[in-house]
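Peer 1: The primary structure of each chain is shown beneath.
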Amino acid sequence: MKEKVLVIIPAFNEATSIVAVISAIKQEYPSFDLLVVNDGSADETGKLAERTKLAFVINLPYNMGIGASVQTGFKFAKKYNYQIALQFDGDGQHMIEEISKIIKPIIAGEADCVIGSRFIQKAQTYQPSSFRLMGIYVLRLFSYIFVRQRIADQTSGFRAYNRKAIEFLSAHYPVDFPEPELIILLGKNGFKMKEVFTQMRERQGGVSSIPTWKGPYYITKVLLSMMMAALRSKKINN
Amino acid sequence: MDNRIQIIAIAGSVSLLIFIIILIRQHRLKEEYSILWLFFTSVFILFSVWRNGLEWISDIVGVAYPPAALFMILIMALFIIMIEFSLIISKQSFWIKSIGQDIGLMKQEMNELRAKLDLAKKDTEEKS
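So the protein sequences, as listed, match chains A and B.
Residue numbering for the first sequence follows our numbering, beginning at 1 and increasing consecutively.
Residue numbering for the second sequence follows our numbering, beginning at 1 and increasing consecutively.
Quick caveat, the hints were computed from the structure, so don't treat them as lab data.
Among the hints, erroneous ones may be present.
[Claimed, not checked] Only pairs whose alpha carbons sit at most 30 Å apart, straight line, appear in this in silico DSS-like list of lysine-lysine:
(1) A/K78 with B/K91
(2) B/K127 with A/K79
(3) A/K79 with B/K122
(4) B/K116 with A/K221
(5) A/K2 with A/K164
(6) B/K107 with A/K78
(7) A/K2 with B/K91
(8) A/K47 with B/K30
(9) A/K194 with B/K122
(10) A/K47 with B/K121
(11) B/K116 with A/K26
(12) B/K116 with A/K47
(13) B/K122 with A/K53
(14) A/K53 with B/K97
(15) A/K26 with A/K78
(16) B/K121 with A/K188
(17) B/K91 with A/K4
(18) B/K30 with A/K79
(19) A/K78 with B/K30
(20) B/K107 with A/K164
(21) B/K97 with A/K214
[Stated by the list, open to error] Here chain A is said to cover these stretches of chain B; the calculated rule only asks that three of the stretch's residues, wherever they fall, bring their Cβ under 8 Å from a Cβ of chain A:
(22) 35-47
(23) 103-117
For each residue, glycine too, the CB sits at the ideal point set by N, CA and C.
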């Protein structure tokens, strides 16, 4: 493969797992470049990642949130001319073997953005609680109303993007809880999205960025952002 | 007629105006953020002095006690100013985010260059 591929790994206090993730990806995909975006971790995440010498490491000056971290990755990808960028969360949920699956449609030119989805096949390893399932259905409905594209897994952070999307996202990227809003933003701006079934594990360590008690706040905030994203004019000028 | 409220309103809004002008003079308040304050304090002064004007407004909007109209204007002014603040905060948090990201990117590039430089230095030292 001649395309320059960047794997963006947002990391916040993941000192226990980051080294293993980096070396595992590098072993499986030696031609890919890795970028760890250390989001102001209080632990040694950044130092440990740098010491492996296998990845580029960006240490953000303070905790900026997942959206800003991933966007930093896109800015990096734009600056250094990567043709493909993918987001890979370092908490053990995403599986390294599935990376090739989500970049395949990008290389084939079938889509601008590929979403690794937990939900489009019956056999799935991930079983959300009923509370979360409700949220998932609401998000799906909203997203379908706004962009008329059926995306089953709105909140998956396992995604790959082509150069066109990289350039767009380095300038426009939602903050706080970006994944569902991103689908609308991309849909509204004429990007082609494709979902691919990927296995995902229960998280190995760390805590969810959305604890259960924050659920209602999350849903409200996300629905508001989605509605606003839908209300904005279709084309954002770069 | 009891005009204590009018005296308080005049004293209050005039001292507010003076206070704001002092802040601008000392460069503690930037001009661009003071425009709304100056505008509304002037409006307060106008209506606390010109009581007929206040009565005229009260008549239009149906407020029985004219000084209450002053409070209505006051609350409206506070709303507008606070919305302006929210706008400024949002704009600044966007800037701060971009600055933080750029610092991260620049530090990474600097480390990369420094490593290359060290390597080059070592090379020349070995040769000599």
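Peer 1: Which hints from the list above does the structure break, by number from lowest to highest?
Peer 2: Of the numbered hints given earlier, those the structure breaks are 2, 4, 7, 8, 9, 16, 17, 18, 19, 22, listed in rising order.
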